[in-house]
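Asks: Each protein sequence line maps, in turn, to chains H and F. With the numbering used here applied, the first sequence corresponds to residues 1 to 165, in that order. With the numbering used here applied, the second sequence corresponds to residues 1001 to 1417, in that order.
Think of the hints as simulated: they come from the structure by calculation, not from any bench. Predicted, not measured: the structure shown is a model, and the values here were computed from it. Yeah, the Cβ is synthetic: ideal placement off N, Cα and C, and Gly gets one too. No false leads were slipped in.
A short list of chain F residues far from chain H (calculated; beta carbon distances all over 12 Å): (1) 1075; (2) 1162; (3) 1264; (4) 1374.
Here are the simulated BS3-like cross-link-like pairs (lysine-lysine), alpha carbons at most 25 Å apart as the crow flies: (5) H/34 to F/1043; (6) H/78 to F/1043; (7) H/51 to H/2; (8) F/1043 to H/161.
Residues per chain are reported as follows:
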Amino acid sequence: MKTIIKGRVWKYGDDVNTDVIFPGKYTYSITDRKEMAEHALEDLDPDFVKKVQPGDIIVAGKNWGCGSSREQAVISLKEAGVGAIVARSFARIYFRNCINEGLPIVTCDAVDSVETGDEITIDFGQGKVITPRAEYHFPPLAPSVMEILDAGGLVPHVKQKLGIA
Amino acid sequence: MGKTFAEKILAAKAGLDETVPGQIVTVQPDRLLTHDNTSAIAKTFRKIGTDRVANPNMNVIILDHVVPAANETYAQSHKETREFVQQQGIEAFYDVGEGICHQVLPEQGHALPGMLIVGSDSHTPSHGALGAFAAGIGRTEAAAVMATGEIWLRVPESMRIEVTGEMPPQVSAKDLVLHIIGDIGADGADYMSVEFAGPTIESMSIAGRQVLCNMAAEMGAKNGYVAPDETTRQWLAGRTTSTYDEILPDEDADYARVLHYDVSGLMPQIARPHRVDNVVPVTQVTGLPINQALIGTCTNGRLEDLRAAAQILRGKQIAPWVRLLVLPASREILLSAMEEGIIADLVKAGATLLNPGCGPCLGAHEGCMAPGERTISTANRNFKGRMGSREAEIYLGSPATVAASALRGAITDPREL
Ligand code: SF4
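Construct all of the structure, not just a fragment, from the sequences and the given hints.
Replies: Listed below in structure tokens is the structure:
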């Protein structure tokens, strides 16, 4: 994983649930990861899929990803090109699913000082998020969790660990 | 400073002297619970590239969600699960008809005090009722646990809920937990380990404790817990030959939050659509007509629940416009209820008996709703569209409230009967 990520912001509010990130009606009908991306955030922000660019960063309020445990709510964003998610807090299983899918996440209050379209920098080495107006510190993820992110997710991480190429 | 249950058990399992909230530990679960999603998990497991599960004794697999298979797709998925069980030499496999995973797991002696249990189902916290640490995980992680025998867990902050007072007549554990969720909200215990304690909990049956820990998931909790005691030991007697370690929180443990409830004045509670924390006393919604009533699920499909319903319905007839669906949570419960005459009482009163399993709870079969219909259910979730149409409504209540409502054909306060 890159230790410094720069990207354009998509700003959202509190309690964004997995149903609006990836609608329930597609959970059994769509199995292709790329196709999942076409529906990312469909019920929250129809513009998102049209305008998202590789490396963009979602910055949100509290309890991002609450509701169902569906992993598609992480996969669809990752496949759409999202480089990281920065939120005030994450719902528990969503947090785990991000790590396991290899999507970097940061818990801090950056949402207080950004607007959609801003450019921000996440420095994982220093535990810092730099927005045009402020700087936020976040606690580092545990080394064992960073290893999973570095490997690109849990499946590749387990492969490495078990010595399967 | 003392340690909470979560801090102590995760330290013990990780081989550390102590842990603090926020710390990440790597542990080997004692049990990995999977259900109908085993076939999907097995596919990811193969993608990892391993042939054998790390420890076949860790796996407990129970087919319960859509049983018997509702169509060919489910039938194929069940078949793949049976093949996987065979290939991997997994002994703890329970096929169609045994019951809901969260009931069968403890009944068959797979959930014991001091165990660490992970499950690919969000209501896995139920097993804290027996003093285990039990948490839900995603499917990819379940596949990784199969491959490696390990998982990373974040040590949660802990919340202690102290309950005092005697339950009034026709008020039960479900009413208490709905009241708490209404109070603290659906994210009131996000990420936390919730310990239920106090005299009311100590005098509660295992079934009641399972209701509390099951619904801890609806507060956002990582796990629920009740300290094991004589009630636990008696319930487990004859179900396991294994020894177990009871892990208890220290008396001076440090809690992020402590809440106190007195149940002596508690009324029956109802969660209105479409959120579990949209809770009011039943008196605010009585008279609302219903089309369907459901008694069962991993929350309230146990013998004492069926007993409470039979007590209300014995010798009477439900309202002619209501479908009353009764699903014992397991074969064991079904048999006991038959022996006690409860099943006959309910069926004579007009109930439709369904096989042990999840039944209509997840809206896949056996009792889905049409637009505009209303169900009152003993389940744990009332989300939009969960039991069929997105334009249908689900109200949640206790078995007594649901039985009373089936009788009158409208939401009814069971204390009025
Ligand atoms: S009964 Fe309902 S909530 Fe419980 S495990 Fe089955 S589907 Fe899930």
